[in-house]
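The primary structure of each chain is shown beneath.
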Amino acid sequence: MSASPLAGILNAIARQPRTPAELARDLGSSEGALSGMLRTLQGGGYVQEATQTTDGCECGPCALKSMCRNADQDAPPLHLLRLTPRGEAYLRRLLPMTN
Amino acid sequence: MTAPLLPPSVPDLGGLRLPDAAACAVTVARLQGAREPRVVVVGNPNVGKTTLINAVAGTRLKVGNWSGVTVEKREAHLSHAGRRVHLLDLPGAYSLSPHTPEELIARTALMDEAPDAVMNVLDAGNLERNLYLTLQLMDFGLPVAVALNLVDEARDKGLTVDAPALSRALGVPVIETVASRSVGTADLMSGVLDRATLGVAVRYPAAIEEAAQDLTSCMSGLSTLPPHAHRYLALALLEGDPSVRGRLAATGHQPLLEAADAHLAALEARGLDPLIEIAEARYARAGDLARVAVPQAQARRTFSERLDRLTLHPLLGIPLFLGLVLLVFRLTFSVASPFVDLIGGPLQDILSGWASAGLAWFPLARDLVVGAIIPGVGTVLSFLPTLLVLYLAMSFLEDSGYMARAAFLMDRAMRSVGLDGRAFIPLILGFGCNVPAVYATRTLERRSDRVLVSMILPFMSCSARLPVYVVFAAALFPRSGSWLVWGLYVLGMAVAFLFALVLRRTSLPAEGGGVLLELPPYRFPAWRVLWKHAWRRTASFARRARTTVMGTVAVVWLLLALPAVSGQRFATVPPQQSLFGVVSQAVSPIFAPLGFGNWQATGALVPGFIAKEVVVGTLGQIYLGEQAAAPAPLGLVAGITQTLGAAWDAVKASVSALPTVLALPSLSAGPSADTQTPLAAALARAFTPASGLAYLVFVLLYTPCIATVGAMAQEHGRRVAWVTVAYQLATAWVVGLIVYQIASRVL
Ligand SMILES: Nc1nc2c(ncn2[C@@H]2O[C@H](COP(=O)(O)OP(=O)(O)OP(=O)(O)O)[C@@H](O)[C@H]2O)c(=O)[nH]1
Ligand SMILES: [Mg+2]
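Chains A and B are the protein sequences, given in the same order. Take the first sequence: its position 47, counting from 1, is numbered 47 in the numbering used here, and each next residue is one higher. Take the second sequence: its position 14, counting from 1, is numbered 113 in the numbering used here, and each next residue is one higher.
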C-alpha cells in the first residue's frame, strides 16, 4: 500500500465495511499508522461510521459471542467504516474501468 | 516551475527542496542573533513534548500519559550553551488541518508567533503516523529539527529507527531522545539552535503544485500574510480548509479566495480532488520515509499476527483447520472411550441387575426400566464423557481465539460460492446444535441467503450425532474411529458447500453492514472458564437425555410391546411382531440398497427424527433389550467396589491413551476390539463395515431433528421446512447408496 495508501483504504472499505483493526490486517499495516489516514478520510468526508444493526438477534446463548462485534451492547461501539458518496465518487474517478 | 534542489545525500523519495525565497525573512542566522530565539514545540498528542521541555528547561509543566494534557500554549525559558532560548509548548496535534481546537492552536502559533525554529517531537514507535504532521511542517518555510522521542519504548517493541537515514531523507537534523530520562536533550538543543533548517517538502501532483505556485505568487505582494506561511496557505486553500478561508475572508483577501476557487474549479474539471490528493501524497511519502527509517518494521510482527499468517493462509488455512478438527476427535476418542465403555458396560450391567431384582414383582415396570430405560437412556448418557471432552476441546478453540479464525476462513469460502460472508456464523454454530444456528441466520440481510443457509445448515454435524458415530466406530472401526468421525464431519461440510453452490440463485457479492468478526488476539484460555463452558453444554445434553430421550424411549418401548400380529400379547410379543417391528420391517427394503435393510437399523432411524442421539438409544433398546436376561444382581458393596475398580481402570486407560493423540501415523487411538460394550458387540454382528458406514452417512445427512424443522418453519415458513426434510432425506439416501456401493467393494 505504498503508492496511494488512501485509495487502498477506500478500496478495502468499498468491498465491505471494516473496522480499523480489520483494515490494518487487510492492508498489512498497523492500526497506529492507519489511524491518521482514517482521520483524514473521515475529516474530508470520504468515509463515515456505519450504523450497526443487531436486528433483534439473540446473543445470549451464542457460542461465538466472544468474537462477535455486535454481541455486547456494553462494549464500546466499534468504528465500522463505510464510504460516503464523496468517497465513492473519488474511487470511481480513480478506477473508471470497474463498476 | 521550481527545480528540486536535492543534495546528493538525500535519497530521492520524490521530495521537494523549497527555494530559499519561500523561507522569506526567516533564516537560521536569526537564531544566532541577539534576540532571544523563539522555538515552538509541536508533535502528536502524548509523544512527550512537555516532558522534553521540562527536561531541557527544568520547568514543571504538567505531563500525563494520555492525550490532550497540554491544551493551551505554555512557555518556558532556558539557557543553553550560554544562550537564552524561549520554548513554546503547544498542545498535541495529529495534523495542521484543524479538526480539533488543539490543532487550531498549534497551527495559529506556527503562522502568527513568527517562531525562529520548530522542534518537532516524534514517537519513534509510530513513525508513519507522526510523519504526516512533520511533512505538513515542511510546507511552512520554517527551520525544523526533529526530536525522535520514546526510542526506549520503540526498542521494547523491537523497532530501531535509523535516525541518520531519516535525517538525510527529511533534510533536517534528527536527534534521538528519551525525554523521561533526559537522554539526548542537550544534543537536541544544539540541533535546534545550530542546525535547524528547511526540510525536504512533499512533491504534490504536478497540477496541484502549479496551482499552489500560482497562489503563492499571488500572496507575495501581500504584507498581511506571514511570508513563511505562503506555501502552506496555498495548499490549505486547495484543500478547501474552511478555517483558512474564513480567516482570509475576514482579513479582506477576497481576490486570493477567488483565485483559489478558480484553481479548484479548474482542477475539478480535470477530474482531480485536491483535498484527498494532497493528503495521499503526504501519506505516501510518510510511508516511504518510515520504511527508510525503520526498514525492519515489516519483519517484526506480534505473535498473533505471525500465527495468523499461518492460520489464515489462503492455502494452508483450511488443511490446518481440518487437522485441528481431527486432533480434537482423536483426543475425544482416546480420553473419553474408556469412560464410555465403563458406563455402557459394567455400570449398566450393575444397574440392570439391581433394577431387575428390585422390580422383580412388577414385570411391566421391570421390562420398561431394564429393557428400555437403562439400555436406551443409559446408552445415550454413556456418551457424556465423549461430549464433555469434545466441548472442552471446542471451548479451548473458541477461547484461545482460534474459532474466530476458523470463522474467517469459512467467511472466505462462503463468499467464494456467492453467499453472504456472514453465513459462517450459523454454519459454525451448527456444529454445536442446529436449532440456534437456524435462528442465527437472521443476521443475514437477504431472505434468499437466510433460506439457503438454513437449508444447508443441517449438514453440519451437530454434537447430538457424535454418539452414533462413536458407537459404530467402536463396533466396526476400532482402530480408526477418530478418522471415521473426522471424515463424516468433513463429508457434511462438503455436501453443504456443494448444495450452496448448486442452490444459490445469485452470484452478487454480499453488501456491507451488520455482523463482522473482530479477530481477538490469541491467548491461553483459563481452565476454569473452559470447564464452565464445557460443563454447561454437557449438562444440557444430560438434561435432554432425561426429557426428550427418556420420552422417546418410553414411546418406542410401548410400540415394541404392542403386538401387530394376532395371537400375541402385550409386552410378551417378539420385537419383530410388535407394531414397531412390523412397520420398520415394511420400510426396511427401501434401505436394502444401502446395505442396512434390517428392521432394527431402519426402526432406530425413525425416533432419531425426535433427536439424533435417540438413534443410539433405540439401537441400545432393541439390541440390548433383545438379550433379555438381565445380569444377576450384585451386592451393594460388591457393586460399588466393582464400579470403582472399573473407574480406576478407565482413568488409567485414558491417561495412557493420551500420548497416542499426536502420533499421527498410528491409527490406534480408539477403543480396542476386546473392550467393546455389549452394544458395540451387537452392532459388530449386525453390520458390515460397509453397511455401517452407509448407515452413519445416512444419519449424518438425513432430516434434521424435529426442533430444527420447527425452528425453520418458524423462521422461513412451513414450505421451506418440508422441502428441507424431503430433499435431505433424498440426499442422505443417494449419498448413502454411493458410499455403500463403493465401500462394499473396497472394505
Ligand atoms: N518511556 C518513555 N516515556 C516517555 C518519554 N517521553 C515522555 N514519556 C512519557 O509519556 C507521557 C506523555 O508525556 P507528555 O510530555 O505529557 O506528552 P505531550 O506530548 O506533552 O502530551 P500532550 O500535551 O497531551 O500532547 C508521560 O507519561 C511521560 O512520562 C520517553 O522518551 N520514554
Ligand atoms: Mg504536553
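Simulated from the structure, these hints should not be mistaken for lab results. Just to be clear, a hint being listed does not mean it is correct.
Quick partial rundown of chain A residues pointing at chain B, CB under 8 Å, derived from the structure [to be verified]:
#: 1; residue: S4
#: 2; residue: G32
#: 3; residue: G36
#: 4; residue: M37
#: 5; residue: G43
#: 6; residue: T84
For glycine and all other residues, C-beta sits at the position ideal for the given N, C-alpha and C.
Here is what the structure says about each hint:
| no. | hint | result |
| --- | --- | --- |
| 1 | S4 | 5 Å, holds |
| 2 | G32 | 5 Å, holds |
| 3 | G36 | 4 Å, holds |
| 4 | M37 | 6 Å, holds |
| 5 | G43 | 5 Å, holds |
| 6 | T84 | 12 Å, violated |
Taken one by one, the earlier hints fail for this structure only at number 6.
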